[in-house]
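Chain B: place on chain A using the hints.
Those protein sequences? They're chains A and B, same order as listed.
Those letters in the first sequence? Residues 1 to 567, by my numbering.
Those letters in the second sequence? Residues 1 to 567, by my numbering.
It is worth saying that the hints were derived from the structure and are not from the lab.
Don't take every hint at face value.
As the list claims (entries may be wrong) - Restricting the straight-line Cα-Cα distance to at most 25 Å, the calculated cross-link-like pairs of lysine-lysine (BS3-like) are:
| hint | chain 1 | residue 1 | chain 2 | residue 2 |
| --- | --- | --- | --- | --- |
| 1 | B | 206 | A | 19 |
| 2 | B | 184 | A | 148 |
| 3 | B | 186 | A | 338 |
| 4 | A | 516 | A | 85 |
| 5 | A | 408 | A | 85 |
Number of protein chains: 2
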Amino acid sequence: MERVDLFIKNARIFNVYFKKFMDCHFSIRKGKFYYIDYKKETEFESDNIIDLKGKTVIPGFIDIHMHIESSMLTPLPFCEYIGSKGITTIVAEPHEIANVAGVEGVEEMILAGEASPIDVYYGIPSSVPSTHEDLETTGGIIGFEEMKELAKMKNIACVGEVMNYRGVIRDNNLEITKFIEYIKEKDPSYIVEGHCPLLLDLDLAKFLYLGINGDHTEHSLEEIKQRYENGMFVEIQEKMLRKEIIDFIVEQNLYEHTAFVTDDVMVDDLWAKGHLDHVVRKAIDMGFPLEEAIYCASYTPANRMNLRDRGAIAPGKIADFIVLEELEYLKVQDVYKKGVKISQMNSLKKEYQFKEKFYHSIHLNKITEEDFKFKAPMEEGEVSLRAMVVQDGSTQLKEEIITLPVEKGIVKWENTKYLLATVFERYGKEGSVGYGFVTGDGLKRGAVASTWVHDHHNLLVVGSDVKTMVLLANQIIEQQGGMIVGEEGKIIGNLPLPIGGIMSEDSVEEVASRLKEVRDGLLHLGYQHYNPIMSVGTYGLVVSPFLKITNKGLVDVQKGELVDLFV
Amino acid sequence: MERVDLFIKNARIFNVYFKKFMDCHFSIRKGKFYYIDYKKETEFESDNIIDLKGKTVIPGFIDIHMHIESSMLTPLPFCEYIGSKGITTIVAEPHEIANVAGVEGVEEMILAGEASPIDVYYGIPSSVPSTHEDLETTGGIIGFEEMKELAKMKNIACVGEVMNYRGVIRDNNLEITKFIEYIKEKDPSYIVEGHCPLLLDLDLAKFLYLGINGDHTEHSLEEIKQRYENGMFVEIQEKMLRKEIIDFIVEQNLYEHTAFVTDDVMVDDLWAKGHLDHVVRKAIDMGFPLEEAIYCASYTPANRMNLRDRGAIAPGKIADFIVLEELEYLKVQDVYKKGVKISQMNSLKKEYQFKEKFYHSIHLNKITEEDFKFKAPMEEGEVSLRAMVVQDGSTQLKEEIITLPVEKGIVKWENTKYLLATVFERYGKEGSVGYGFVTGDGLKRGAVASTWVHDHHNLLVVGSDVKTMVLLANQIIEQQGGMIVGEEGKIIGNLPLPIGGIMSEDSVEEVASRLKEVRDGLLHLGYQHYNPIMSVGTYGLVVSPFLKITNKGLVDVQKGELVDLFV
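With the rest of the complex left out, here is chain A:
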């Protein structure tokens, strides 16, 4: 009798080719599926023989568009956790760490994930900074040469989301445009992922014409229809799970060109709901056929990323699979990576030691009350200023013109309904500070400070009281990163993020619990938002409408330029 590493009897596997559940025995050799014995005739010798007694086995899930840093976790605990949920391969796009530390940051992320129990592929960050050095200062810049360098590295699967979608269809001299030309010249089939909300008709065609043909952003039905029609691979994240979208995909039989992805998952959602497995479950709940949902989380993402060695239970494919306790709700019993149960892997106890400099990424001197004193262009009277308006349900900030009193040349903003927002350049490059105001559904009192501020990740301090702002700012500098909330000179929630100022080395549970503390603190201080963490974390995201803030000042996103604080 032939020997195999693992012999699993009486399984009911999901065959992605027939899109059917089929009874079989199956065996594994050297991490790959060997024989899927639908006739159940052949016996093998093995030290590992398992009788599943008819339990269902599906391929491991593959998430081809996501950002590990969005979870605030470092790669190892993140990957171990999602591995236990059934995600066995990811394509991570590390543009957050690239904003902090450039190519070196990307390299460090790759090293930090190397001992991961799951396979981590990478997209080349193509939009770092998200806009331009004139609008935001970042720790790292990824230009043409850096992208070339990154493309040579191991486990690079694609060019990550091209975000400057209005720019690339206009200006052919962008670094990213040059890079796409370069890489397509070398390999016309090189995969380039996009990010193009709202783009339609000829503009969409221009984007596709450049060879950028995947999109994971949020869309209307018309936008979705046009994307499929024009050969775009559509990546569905949780917020795209709407009935009309699902019905369209089902009616038009567009599974082949569809995959589920997660994009950004907050650590507390990760802890409470799960990862890609949650998206798949929710899709099924909303009427996406179960077989097709599994297909779009295994076969199609593998095909999209040209990872032809996985995404199916078939001879020669990598033996990544999930044993389900029950098919209903896809209740996971065990996850296997390369034929080994993830929960039993020795690597799980490993820790990654980041290079020293990643623990020291906040290059700022002590902040004082002076830093929040705000000079007006007059001695006494009232001044008109631009404020960013937080609105529940959105990360977009509208502009509002507000009026504040001026005394002895200083704007008197403390304890008004307008909170001062300051962004301190924290990479030790130019020490600039941007000022603005926030109003609307955000904080009503107290303060919040954060270095987790998409995408530039400078130090943001927002508050109504200087004393608390100074406290929080200095605590962040002291602990080299994090998100802290406080009031009346006291900290009421603190999530330290010492790795590059954006990640914690703690476990999912620990970070989720700390994040909840911060979230509860924000809610306690009157924040009205479905996700106050993401709301604060995107005040600085200058590719999201309309008025945002960086260390350079206020940015009019639509115009793509800096605007004066004083009107």
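Same frame as chain A, now just chain B:
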């Protein structure tokens, strides 16, 4: 108004994503589709504006498994001809020229096709010789190092069909096994094509386990079912177009894992019926849904070969398309390659000058009557010998034990019902000659000689009369290759194949007409076979059952060894 290179109005295009015909205007820039304007709203300036008045446009066809040499044509006339039929990309596997001239032959084929109006990609010949040097002498050998060298060349799409399918699942020390390991180590998604008739169950799994997961050979329904079930990409050639197979693909919705291919097309069939277009038409005729048939000749073959820049009419894809005069019968009006009408390309007048040595590949001295004198292991009496039995409907040759008289130590075979078959080693390597006998549905009288003898392409001379055999053999040496038929000291059909002894530089029409002469000659001499050319051309194919002949002698294919002529 924006300028484009070509602006086509009022087309009805086939959208591969929705698998539907859709009305639109479309435009082309720099050889790629630019805007597919389903709203028909946007006008463009162009020197080329065509109003198709509702005519149908489908993507150019892609043939991912075929051998140019099978047509006996050189790459340029071949590609020009199939280009006019709508085939705009091929993946050619040049193992015939590799048998004649090794890596240099492959390089020469690539150069010879460079000016082709269509795109020619290549599979790395992986089975040259088809078996082993002990069984057949070839001009070239492709081993591990040669495959490594070929893999670095431009336009290499895959490892071509691994034919020694029984060998690779047993013996892990084969050159091809080592090469697959090497190339998969570098790129686990590297495409490796197979050739595995009859392989089933665990044997099939072993083949797939090595990473060989495409097959284009002929199969029973059960074989086909197992191939799909186990994740094999199934390539359907004309002889696989059987009702039960088509019904199965349609019922099980297996289009995604299916493409049409041609494999080997004889030049007269090419002239009379067409190429991949003929296979597609025939499939539709036999009940394959029209939309899916087009899909399986464009989108799926592109996806299989990771040629993601083509196979669809969508922005950014290479503008390869067919304008149909009528949808019915897919009647072709014009074919466009990279946005240019093939019939109007300047390159069409080009000719390729093969390197001198390819015109001198038959290294044999003059053949004399002595060469066909056949010594028996006795002086007088009767001798028992093995003969190959030709059977109409098959290229397989069964074994029969025959008896012939011996006079003065010489076997008296002339003008019996048994024809002498001789294979002269023609590469100037060892000068060996293999002897055997042929009977059954083959020639009844006269003789045929050929250097187009799969796969070793040595000089085969078969006949019932020595005088004619000497004439034909020397004529072939004189003209450096071809297939000639004659009787009573006269040539009645002659197709010269001076390039490597297997190809002609003439046009499709000319070669087809010459081939017909030879075919008619064979029929005139009593050959009973649906394809006497292929029948003669496979006497030497030692990967096809059961008894075949090479310059080394008779080969028992199942055993994979030489056997004695005398029993």
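Practice problem: Verify the proposed pairing of residue 408 of chain A with residue 85 of chain A, using a straight-line Cα cut of 25 Å. | Solution: 60 Å, violated
Quiz item: Is the Cα-Cα distance between residue 184 of chain B and residue 148 of chain A 25 Å or less?
Solution: 24 Å, holds
Practice problem: Please work out if residue 186 of chain B and residue 338 of chain A have their alpha carbons no farther apart than 25 Å. | Solution: 18 Å, holds
Quiz prompt | Holds or violated: residue 206 of chain B to residue 19 of chain A, with C-alpha atoms at most 25 Å apart | solution = Satisfied, since the Cα-Cα distance of roughly 23 Å is no more than 25 Å.
Quiz prompt | Pair hint residue 516 of chain A and residue 85 of chain A, alpha-carbon separation not exceeding 25 Å | solution = 22 Å, holds
In this structure, only the earlier hint numbered 5 is contradicted, and the remaining ones agree with it.
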